[in-house]
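J.: Sequence:
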Amino acid sequence: MPTRPVPGLGANEAPGFDGSDLLEHQMKQMFRDVGIPVLPSQLIAKPQDLKRLSLPYPIVLKSQVHGGVRDVAGGLAKVTNPIDAIATSHRLFDTEIRGAYPAALLAEAFYTADCHIGLRIDTRPEQCQLILRGWHSAPAKKAAQPAGEHHTCKVVLNKDAFSLAEARHLGEQLGLQGVSLETLVSILEKMHVLLEWLDMRTLTISPLALAADGSAMALDGRIRFTETALERQPQLKKLFSSKPETGSPLVQLEGNIGILSNSMGLAMTTVDSLKRGGGRAAAFVSVQEPQNSVAQPATRRARLQLRDRQARLNQALENLARLKTVKLILINWTGLTGSCQEVAETIVSYFYLANQHVHLRGRSQPVPLVVRLAGKDAKVGRSLLREVGIVAVESLEEAIAEGIGLAKVRKVA
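For the sequence shown, the positions run 547 to 959 when our numbering is used.
Hint data in this document are derived by calculation from the structure and do not stem from the laboratory.
Predicted model only: the values in this text are computed from it and were never measured.
Think of the CB as a built atom: it goes at the ideal place given N, C-alpha and C, for glycine as much as any other residue.
Careful, some of the hints might be misleading.
[To be verified] BS3-like cross-link-like pairs, simulated, lysine-lysine; straight-line CA separation at most 25 Å:
hint, residue 1, residue 2
1, 700, 624
2, 821, 705
3, 624, 597
4, 954, 821
5, 736, 624
6, 597, 736
[What the hints assert, rightly or not] Restraint ranges, calculated between C-beta atoms of paired labels, are given here:
hint, residue 1, residue 2, range
7, 633, 921, 43 to 49 Å
8, 951, 657, 20 to 26 Å
9, 624, 921, 40 to 46 Å
10, 620, 761, 29 to 35 Å
11, 599, 901, 53 to 59 Å
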(Lines of atoms letter the chains of each structure in order from A and count residues from 1; the text may use other names and numbers.)
(Lines give C-alpha, C1' and ligand atoms only; values in the text may rest on other atoms or scores of the structure.)
Protein backbone atom coordinates (compact mmCIF):
# COMPACT_ATOMS: atom_id res chain seq x y z
CA MET A 1 0.00 0.00 0.00
CA PRO A 2 1.25 3.53 -0.74
CA THR A 3 2.08 5.65 2.25
CA ARG A 4 0.78 9.11 3.02
CA PRO A 5 3.60 11.64 3.40
CA VAL A 6 3.72 14.33 6.01
CA PRO A 7 2.11 17.50 4.51
CA GLY A 8 4.77 19.59 2.81
CA LEU A 9 7.08 16.65 2.04
CA GLY A 10 6.94 14.48 -1.05
CA ALA A 11 7.02 10.72 -0.76
CA ASN A 12 10.57 10.40 -2.09
CA GLU A 13 12.19 13.72 -1.19
CA ALA A 14 14.56 12.77 1.60
CA PRO A 15 16.71 10.09 -0.08
CA GLY A 16 18.52 10.84 -3.30
CA PHE A 17 17.24 14.39 -3.76
CA ASP A 18 20.01 15.43 -6.16
CA GLY A 19 18.90 14.76 -9.72
CA SER A 20 15.27 14.15 -8.75
CA ASP A 21 12.28 16.32 -9.67
CA LEU A 22 11.02 19.18 -7.58
CA LEU A 23 7.42 19.47 -6.53
CA GLU A 24 5.61 22.00 -8.69
CA HIS A 25 5.09 24.64 -6.01
CA GLN A 26 8.81 24.53 -5.10
CA MET A 27 9.81 24.86 -8.75
CA LYS A 28 7.47 27.81 -9.31
CA GLN A 29 8.87 29.59 -6.28
CA MET A 30 12.24 29.41 -7.98
CA PHE A 31 10.71 30.80 -11.16
CA ARG A 32 9.35 33.73 -9.12
CA ASP A 33 12.77 34.36 -7.57
CA VAL A 34 14.31 35.12 -10.97
CA GLY A 35 11.31 36.92 -12.47
CA ILE A 36 9.81 34.18 -14.65
CA PRO A 37 6.05 34.91 -14.66
CA VAL A 38 3.85 32.35 -12.91
CA LEU A 39 0.19 32.38 -11.90
CA PRO A 40 -1.05 33.41 -8.44
CA SER A 41 -1.34 30.28 -6.32
CA GLN A 42 -1.89 28.95 -2.82
CA LEU A 43 -0.66 25.70 -1.26
CA ILE A 44 -3.44 23.50 0.16
CA ALA A 45 -2.35 21.05 2.88
CA LYS A 46 -5.90 19.80 3.61
CA PRO A 47 -9.37 20.36 2.07
CA GLN A 48 -10.40 22.75 4.86
CA ASP A 49 -7.70 25.19 3.69
CA LEU A 50 -9.88 25.97 0.66
CA LYS A 51 -12.28 27.83 2.98
CA ARG A 52 -9.54 30.44 3.34
CA LEU A 53 -8.67 30.58 -0.35
CA SER A 54 -7.56 34.04 -1.49
CA LEU A 55 -7.92 33.33 -5.24
CA PRO A 56 -11.07 34.06 -7.27
CA TYR A 57 -12.86 31.16 -8.97
CA PRO A 58 -12.46 29.35 -11.32
CA ILE A 59 -9.21 27.77 -10.16
CA VAL A 60 -7.18 24.69 -11.02
CA LEU A 61 -6.25 22.17 -8.32
CA LYS A 62 -3.00 20.27 -8.90
CA SER A 63 -1.70 17.29 -6.95
CA GLN A 64 1.83 17.92 -5.73
CA VAL A 65 3.69 14.79 -6.82
CA HIS A 66 7.06 13.99 -8.32
CA GLY A 67 7.35 13.22 -12.01
CA GLY A 68 5.29 15.90 -13.74
CA VAL A 69 2.39 13.55 -14.67
CA ARG A 70 -0.51 15.30 -12.90
CA ASP A 71 -2.68 15.78 -16.00
CA VAL A 72 -2.42 12.19 -17.25
CA ALA A 73 -2.74 10.54 -13.83
CA GLY A 74 -5.91 12.21 -12.58
CA GLY A 75 -4.08 14.79 -10.48
CA LEU A 76 -5.41 17.97 -12.06
CA ALA A 77 -8.92 19.46 -12.04
CA LYS A 78 -10.63 22.77 -12.81
CA VAL A 79 -13.23 23.85 -10.24
CA THR A 80 -15.67 26.76 -10.38
CA ASN A 81 -16.96 27.22 -6.82
CA PRO A 82 -16.04 26.45 -3.18
CA ILE A 83 -18.30 23.39 -2.85
CA ASP A 84 -16.88 21.87 -6.03
CA ALA A 85 -13.35 22.71 -4.85
CA ILE A 86 -13.66 20.95 -1.48
CA ALA A 87 -15.25 17.84 -3.00
CA THR A 88 -12.59 17.68 -5.72
CA SER A 89 -9.77 18.18 -3.22
CA HIS A 90 -10.93 15.12 -1.25
CA ARG A 91 -10.79 13.07 -4.45
CA LEU A 92 -7.32 14.36 -5.37
CA PHE A 93 -5.88 13.73 -1.90
CA ASP A 94 -7.20 10.15 -2.14
CA THR A 95 -5.84 9.52 -5.65
CA GLU A 96 -2.66 7.46 -5.77
CA ILE A 97 -0.05 8.67 -8.27
CA ARG A 98 3.12 6.67 -8.90
CA GLY A 99 2.73 4.70 -5.70
CA ALA A 100 2.15 7.64 -3.36
CA TYR A 101 -0.55 10.06 -2.36
CA PRO A 102 -0.01 13.81 -2.96
CA ALA A 103 1.72 15.74 -0.21
CA ALA A 104 -0.46 18.78 -0.87
CA LEU A 105 -2.49 20.46 -3.59
CA LEU A 106 -1.62 23.64 -5.43
CA ALA A 107 -4.61 25.92 -6.03
CA GLU A 108 -3.78 28.08 -9.03
CA ALA A 109 -5.61 30.81 -10.93
CA PHE A 110 -7.27 29.65 -14.16
CA TYR A 111 -5.60 31.02 -17.30
CA THR A 112 -6.38 30.89 -21.01
CA ALA A 113 -3.92 31.70 -23.79
CA ASP A 114 -3.72 31.94 -27.56
CA CYS A 115 -0.90 29.42 -27.88
CA HIS A 116 1.35 27.19 -25.82
CA ILE A 117 5.03 26.52 -26.37
CA GLY A 118 7.67 24.52 -24.58
CA LEU A 119 11.20 25.66 -23.74
CA ARG A 120 14.14 23.62 -22.50
CA ILE A 121 17.76 24.39 -21.70
CA ASP A 122 20.15 21.43 -21.47
CA THR A 123 23.78 21.45 -20.42
CA ARG A 124 26.18 18.84 -21.75
CA PRO A 125 29.41 19.52 -19.85
CA GLU A 126 31.17 16.52 -21.38
CA GLN A 127 30.71 18.18 -24.81
CA CYS A 128 30.91 21.78 -23.51
CA GLN A 129 27.48 22.42 -24.99
CA LEU A 130 24.45 24.48 -23.99
CA ILE A 131 21.35 23.50 -25.96
CA LEU A 132 18.21 25.64 -26.29
CA ARG A 133 15.09 23.83 -27.47
CA GLY A 134 11.61 25.06 -28.29
CA TRP A 135 8.40 23.51 -29.58
CA HIS A 136 4.72 24.24 -30.02
CA SER A 137 2.79 22.22 -27.48
CA ALA A 138 -0.87 21.31 -27.22
CA PRO A 139 -2.80 20.07 -24.18
CA ALA A 140 -3.39 16.34 -24.09
CA LYS A 141 -6.52 15.22 -25.95
CA LYS A 142 -6.80 11.88 -24.15
CA ALA A 143 -5.96 10.94 -20.59
CA ALA A 144 -3.51 8.29 -21.77
CA GLN A 145 -1.51 10.63 -23.98
CA PRO A 146 0.93 13.32 -22.82
CA ALA A 147 0.91 16.84 -24.24
CA GLY A 148 2.17 16.89 -27.78
CA GLU A 149 5.48 18.35 -28.93
CA HIS A 150 5.58 19.61 -32.51
CA HIS A 151 7.86 21.79 -34.65
CA THR A 152 10.84 21.24 -32.38
CA CYS A 153 13.61 23.82 -32.88
CA LYS A 154 17.12 23.63 -31.46
CA VAL A 155 20.09 25.96 -31.02
CA VAL A 156 23.46 24.56 -29.88
CA LEU A 157 25.91 26.91 -28.16
CA ASN A 158 29.23 26.74 -26.37
CA LYS A 159 28.50 25.94 -22.71
CA ASP A 160 29.71 29.33 -21.45
CA ALA A 161 28.36 31.40 -24.33
CA PHE A 162 24.64 31.94 -23.73
CA SER A 163 23.53 34.52 -26.28
CA LEU A 164 20.42 36.68 -26.43
CA ALA A 165 20.81 36.72 -30.21
CA GLU A 166 20.61 32.92 -30.33
CA ALA A 167 17.65 32.95 -27.94
CA ARG A 168 15.94 35.38 -30.32
CA HIS A 169 16.82 33.10 -33.24
CA LEU A 170 15.08 30.21 -31.47
CA GLY A 171 11.97 32.35 -30.98
CA GLU A 172 11.97 33.32 -34.64
CA GLN A 173 12.16 29.64 -35.59
CA LEU A 174 9.02 29.14 -33.50
CA GLY A 175 7.28 31.85 -35.52
CA LEU A 176 7.21 34.48 -32.76
CA GLN A 177 7.63 38.18 -33.38
CA GLY A 178 7.18 41.54 -31.71
CA VAL A 179 6.38 41.58 -27.99
CA SER A 180 5.92 37.80 -27.86
CA LEU A 181 9.44 37.29 -29.22
CA GLU A 182 10.98 39.67 -26.69
CA THR A 183 9.03 37.98 -23.89
CA LEU A 184 10.44 34.60 -24.91
CA VAL A 185 14.00 35.97 -25.07
CA SER A 186 13.64 37.44 -21.57
CA ILE A 187 12.30 34.16 -20.18
CA LEU A 188 15.11 32.14 -21.79
CA GLU A 189 17.66 34.51 -20.26
CA LYS A 190 16.12 34.03 -16.80
CA MET A 191 15.99 30.28 -17.31
CA HIS A 192 19.72 30.35 -18.01
CA VAL A 193 20.31 32.37 -14.84
CA LEU A 194 18.38 29.79 -12.83
CA LEU A 195 20.24 26.93 -14.49
CA GLU A 196 23.62 28.43 -13.56
CA TRP A 197 22.51 29.57 -10.12
CA LEU A 198 21.56 26.15 -8.78
CA ASP A 199 23.62 23.68 -10.81
CA MET A 200 20.81 22.37 -12.99
CA ARG A 201 21.37 19.88 -15.76
CA THR A 202 18.04 20.50 -17.49
CA LEU A 203 15.36 23.17 -17.05
CA THR A 204 12.05 22.88 -18.91
CA ILE A 205 9.01 25.14 -19.03
CA SER A 206 6.06 23.42 -20.68
CA PRO A 207 3.57 24.69 -21.31
CA LEU A 208 4.51 28.36 -21.51
CA ALA A 209 1.22 30.10 -22.27
CA LEU A 210 1.42 33.11 -24.60
CA ALA A 211 -1.42 35.64 -24.79
CA ALA A 212 -2.25 37.90 -27.72
CA ASP A 213 -0.73 40.93 -25.96
CA GLY A 214 2.65 39.18 -25.73
CA SER A 215 2.42 38.36 -22.02
CA ALA A 216 3.33 34.87 -20.86
CA MET A 217 2.81 32.50 -17.94
CA ALA A 218 4.88 29.45 -17.04
CA LEU A 219 2.13 26.90 -16.33
CA ASP A 220 4.35 23.93 -15.56
CA GLY A 221 7.91 22.73 -15.86
CA ARG A 222 10.54 20.24 -14.90
CA ILE A 223 13.98 20.57 -13.32
CA ARG A 224 16.83 18.08 -13.17
CA PHE A 225 19.93 18.80 -11.09
CA THR A 226 23.50 17.78 -11.73
CA GLU A 227 24.96 14.87 -9.79
CA THR A 228 26.99 17.25 -7.60
CA ALA A 229 24.25 19.83 -7.01
CA LEU A 230 23.74 18.95 -3.35
CA GLU A 231 27.46 19.20 -2.63
CA ARG A 232 27.76 22.57 -4.35
CA GLN A 233 24.36 23.95 -3.30
CA PRO A 234 23.55 22.75 0.26
CA GLN A 235 20.43 24.95 0.35
CA LEU A 236 18.73 22.50 -1.99
CA LYS A 237 18.31 20.19 1.00
CA LYS A 238 15.85 22.69 2.42
CA LEU A 239 13.75 22.38 -0.78
CA PHE A 240 13.60 26.16 -0.99
CA SER A 241 11.58 26.56 2.20
CA SER A 242 13.82 29.55 2.91
CA LYS A 243 16.20 31.78 1.04
CA PRO A 244 19.82 30.63 0.72
CA GLU A 245 21.67 32.03 3.70
CA THR A 246 24.72 33.09 1.76
CA GLY A 247 22.93 34.76 -1.13
CA SER A 248 23.22 33.79 -4.76
CA PRO A 249 26.55 33.20 -6.47
CA LEU A 250 27.80 35.50 -9.18
CA VAL A 251 25.87 35.07 -12.43
CA GLN A 252 27.63 36.28 -15.57
CA LEU A 253 25.81 37.80 -18.56
CA GLU A 254 26.86 39.65 -21.73
CA GLY A 255 27.07 43.37 -20.86
CA ASN A 256 29.53 45.68 -19.11
CA ILE A 257 27.82 46.77 -15.86
CA GLY A 258 28.01 44.73 -12.66
CA ILE A 259 24.83 44.62 -10.55
CA LEU A 260 24.76 44.15 -6.77
CA SER A 261 21.54 44.07 -4.73
CA ASN A 262 20.37 42.76 -1.38
CA SER A 263 17.79 40.32 -2.77
CA MET A 264 17.51 38.08 -5.81
CA GLY A 265 14.25 39.73 -6.88
CA LEU A 266 15.78 43.21 -6.62
CA ALA A 267 18.81 42.09 -8.62
CA MET A 268 16.61 40.74 -11.43
CA THR A 269 14.51 43.93 -11.39
CA THR A 270 17.70 45.97 -11.74
CA VAL A 271 18.93 43.82 -14.64
CA ASP A 272 15.58 44.25 -16.42
CA SER A 273 15.42 48.01 -15.75
CA LEU A 274 18.99 48.43 -16.98
CA LYS A 275 18.11 46.62 -20.20
CA ARG A 276 15.04 48.82 -20.74
CA GLY A 277 17.23 51.88 -20.21
CA GLY A 278 19.62 50.80 -22.96
CA GLY A 279 22.35 49.21 -20.82
CA ARG A 280 23.47 45.62 -20.35
CA ALA A 281 24.50 43.75 -17.22
CA ALA A 282 27.85 41.96 -17.25
CA ALA A 283 26.98 40.02 -14.11
CA PHE A 284 24.85 40.26 -11.01
CA VAL A 285 24.95 39.04 -7.44
CA SER A 286 22.53 39.30 -4.52
CA VAL A 287 23.69 39.68 -0.93
CA GLN A 288 21.11 38.11 1.38
CA GLU A 289 20.54 39.46 4.87
CA PRO A 290 22.40 37.37 7.49
CA GLN A 291 20.37 35.16 9.82
CA ASN A 292 21.50 34.79 13.42
CA SER A 293 19.95 32.93 16.32
CA VAL A 294 17.23 34.79 18.21
CA ALA A 295 18.58 33.13 21.35
CA GLN A 296 21.54 35.50 21.32
CA PRO A 297 21.32 38.82 23.20
CA ALA A 298 19.98 41.58 20.96
CA THR A 299 23.18 43.65 21.07
CA ARG A 300 25.41 40.70 20.17
CA ARG A 301 22.98 39.58 17.46
CA ALA A 302 23.03 43.04 15.85
CA ARG A 303 26.84 43.15 15.99
CA LEU A 304 27.16 39.73 14.36
CA GLN A 305 24.66 40.63 11.66
CA LEU A 306 26.56 43.83 10.86
CA ARG A 307 29.89 41.97 10.64
CA ASP A 308 28.32 39.27 8.45
CA ARG A 309 26.69 41.83 6.14
CA GLN A 310 29.99 43.71 5.76
CA ALA A 311 31.84 40.50 4.84
CA ARG A 312 29.22 39.48 2.28
CA LEU A 313 29.08 42.93 0.72
CA ASN A 314 32.87 43.18 0.47
CA GLN A 315 33.11 39.72 -1.11
CA ALA A 316 30.37 40.50 -3.64
CA LEU A 317 32.05 43.78 -4.65
CA GLU A 318 35.39 42.03 -5.01
CA ASN A 319 33.90 39.26 -7.17
CA LEU A 320 32.38 41.82 -9.54
CA ALA A 321 35.51 43.99 -9.64
CA ARG A 322 37.65 41.03 -10.73
CA LEU A 323 35.58 40.47 -13.88
CA LYS A 324 37.41 42.02 -16.82
CA THR A 325 34.16 42.81 -18.65
CA VAL A 326 32.85 44.99 -15.80
CA LYS A 327 33.34 48.71 -16.47
CA LEU A 328 31.19 49.87 -13.56
CA ILE A 329 29.36 48.43 -10.54
CA LEU A 330 25.78 49.54 -9.92
CA ILE A 331 24.54 48.88 -6.39
CA ASN A 332 20.77 48.84 -5.80
CA TRP A 333 20.21 48.50 -2.05
CA THR A 334 16.97 48.86 -0.11
CA GLY A 335 17.50 49.03 3.64
CA LEU A 336 14.37 47.25 4.82
CA THR A 337 15.96 45.63 7.86
CA GLY A 338 19.46 47.10 8.23
CA SER A 339 20.73 50.65 8.17
CA CYS A 340 21.73 52.21 4.84
CA GLN A 341 24.32 54.21 6.77
CA GLU A 342 26.07 50.98 7.78
CA VAL A 343 25.95 49.77 4.18
CA ALA A 344 27.41 53.07 2.96
CA GLU A 345 30.24 52.88 5.51
CA THR A 346 31.11 49.39 4.24
CA ILE A 347 31.11 50.60 0.62
CA VAL A 348 33.35 53.56 1.53
CA SER A 349 35.84 51.25 3.28
CA TYR A 350 35.89 48.97 0.25
CA PHE A 351 36.32 51.97 -2.04
CA TYR A 352 39.44 53.11 -0.17
CA LEU A 353 40.97 49.62 -0.22
CA ALA A 354 40.13 49.18 -3.90
CA ASN A 355 41.99 52.37 -4.76
CA GLN A 356 45.04 51.29 -2.77
CA HIS A 357 45.22 47.76 -4.23
CA VAL A 358 43.86 48.23 -7.73
CA HIS A 359 46.90 46.46 -9.23
CA LEU A 360 45.88 43.21 -7.53
CA ARG A 361 42.90 43.02 -9.88
CA GLY A 362 45.05 43.53 -12.96
CA ARG A 363 43.59 46.99 -13.61
CA SER A 364 45.11 50.42 -14.08
CA GLN A 365 42.25 52.12 -12.22
CA PRO A 366 39.50 51.01 -9.82
CA VAL A 367 36.03 50.15 -11.04
CA PRO A 368 33.72 53.15 -10.43
CA LEU A 369 30.61 52.69 -8.28
CA VAL A 370 27.08 54.04 -8.69
CA VAL A 371 24.90 53.47 -5.63
CA ARG A 372 21.14 53.68 -5.20
CA LEU A 373 20.19 53.66 -1.50
CA ALA A 374 16.59 53.61 -0.26
CA GLY A 375 15.30 52.91 3.22
CA LYS A 376 16.44 53.52 6.79
CA ASP A 377 19.17 56.21 7.05
CA ALA A 378 19.42 56.37 3.24
CA LYS A 379 19.95 60.14 3.18
CA VAL A 380 22.87 59.90 5.61
CA GLY A 381 24.30 56.99 3.65
CA ARG A 382 24.17 58.88 0.36
CA SER A 383 25.98 61.83 1.94
CA LEU A 384 28.80 59.58 3.16
CA LEU A 385 29.23 58.13 -0.32
CA ARG A 386 29.23 61.51 -2.05
CA GLU A 387 31.90 62.83 0.32
CA VAL A 388 34.41 60.34 -1.13
CA GLY A 389 33.36 60.85 -4.75
CA ILE A 390 30.98 57.91 -5.19
CA VAL A 391 27.85 58.62 -7.23
CA ALA A 392 24.90 58.10 -4.85
CA VAL A 393 21.26 58.63 -5.86
CA GLU A 394 17.77 58.05 -4.48
CA SER A 395 15.96 56.33 -7.37
CA LEU A 396 16.80 53.33 -9.53
CA GLU A 397 16.10 55.37 -12.67
CA GLU A 398 18.78 57.90 -11.67
CA ALA A 399 21.25 55.13 -10.89
CA ILE A 400 20.71 53.47 -14.27
CA ALA A 401 21.09 56.74 -16.16
CA GLU A 402 24.32 57.56 -14.29
CA GLY A 403 25.65 54.03 -14.71
CA ILE A 404 25.01 53.82 -18.44
CA GLY A 405 26.57 57.23 -18.99
CA LEU A 406 29.73 56.39 -17.06
CA ALA A 407 30.08 52.95 -18.65
CA LYS A 408 29.91 54.44 -22.15
CA VAL A 409 32.84 56.80 -21.60
CA ARG A 410 35.02 54.37 -19.68
CA LYS A 411 37.30 51.80 -21.25
CA VAL A 412 37.79 48.43 -19.59
CA ALA A 413 40.99 48.92 -17.61
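J.: At the C-beta level, are residue 951 and residue 657 separated by a distance inside 20 to 26 Å?
T.: violated, 41 Å
J.: Please verify whether residue 597 and residue 736 have alpha carbons no more than 25 Å apart.
T.: Roughly 35 Å separates the two Cα atoms, so the pair is violated.
J.: Given the hinted pair residue 954 and residue 821, is their alpha-carbon gap at most 25 Å?
T.: Judged against 25 Å, a Cα distance of about 14 Å means the pair holds.
J.: Quick check on a hinted range of 40 to 46 Å for residue 624 and residue 921, using CB atoms only.
T.: For residue 921 against residue 624, whose Cβ atoms are near 43 Å apart, the range 40 to 46 Å holds.
J.: Residue 700 and residue 624 were given as a pair; does the straight-line alpha-carbon distance stay at or below 25 Å?
T.: Violated, at about 33 Å.
J.: Check the hint pairing residue 736 with residue 624 against an upper bound of 25 Å on the C-alpha distance.
T.: Status violated; Cα separation ~29 Å.
J.: Falls inside 29 to 35 Å, the C-beta gap from residue 620 to residue 761?
T.: For residue 620 and residue 761 the Cβ distance comes to about 30 Å; the hint holds.
J.: Residue 624 and residue 597 were given as a pair; does the straight-line alpha-carbon distance stay at or below 25 Å?
T.: holds, 17 Å
J.: Does the Cβ-Cβ separation between residue 599 and residue 901 fall within 53 to 59 Å?
T.: Check passed, 56 Å falls within 53 to 59 Å.
J.: Hinted pair, alpha-carbon criterion (25 Å max): residue 821, residue 705. Please report holds or violated.
T.: holds, 23 Å
J.: Using the Cβ atoms, figure out if residue 633 sits within 43 to 49 Å of residue 921.
T.: Cβ of residue 633 to Cβ of residue 921: about 47 Å, so the range 43 to 49 Å holds.
The structure shown violates the earlier hints numbered 1, 5, 6, 8.
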